[in-house]
Amino acid sequence: WIDDRDEVPMDRGGVEGNGAIITLGNIYLQEDGSVQVAASIYIANMAAGGMTYIVERVDGVWQVVGDTGPRWMS
1106 WIDDRDEVPM DRGGVEGNGA IITLGNIYLQ EDGSVQVAAS IYIANMAAGG
1156 MTYIVERVDG VWQVVGDTGP RWMS
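Under the numbering used here, the first residue of the sequence shown is numbered 1106, with each subsequent residue one higher.
Treat the hints loosely; a few may be bogus.
Stated by the list, open to error - Using C-beta positions, here's what the derived DEER-type ranges look like:
no.	residue 1	residue 2	range
1	W1177	V1120	13 to 23 Å
2	P1114	D1164	39 to 49 Å
3	T1173	E1121	31 to 41 Å
4	W1167	P1114	30 to 40 Å
5	M1178	D1111	21 to 31 Å
6	L1134	P1114	34 to 44 Å
7	D1164	E1112	34 to 44 Å
Rather than coming from a laboratory, the hints here were simulated on the basis of the structure.
Keep in mind the model is a prediction, meaning the values are calculated, not measured.
Every residue gets a Cβ at the ideal spot worked out from N, C-alpha and C, and that includes glycine.
Using the sequences provided together with the hints, build the complete structure.
Below you can see the structure in the form of structure tokens.
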């Protein structure tokens, strides 16, 4: 785990340990009690993508139940 994306060396062509950087955005509470949270993934210099997830509390556990808005990838 890292506190900031800037802690990851980007000049090696990959994330150490064959990992990925997953970034979560701000959490926005919706009127129906669900939340929306943007997320993105960076996989070395090979791929990146992101979307906004819809998350609901189901049986006391937060679960992703869908997505909304545009998706992006490169």
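Tested hints:
no. : hint                      : verdict
1   : W1177 x V1120: 13 to 23 Å : holds (19 Å)
2   : P1114 x D1164: 39 to 49 Å : holds (41 Å)
3   : T1173 x E1121: 31 to 41 Å : holds (33 Å)
4   : W1167 x P1114: 30 to 40 Å : holds (32 Å)
5   : M1178 x D1111: 21 to 31 Å : holds (23 Å)
6   : L1134 x P1114: 34 to 44 Å : holds (36 Å)
7   : D1164 x E1112: 34 to 44 Å : holds (36 Å)
When each numbered hint is compared with the structure, no violation occurs for any of them.
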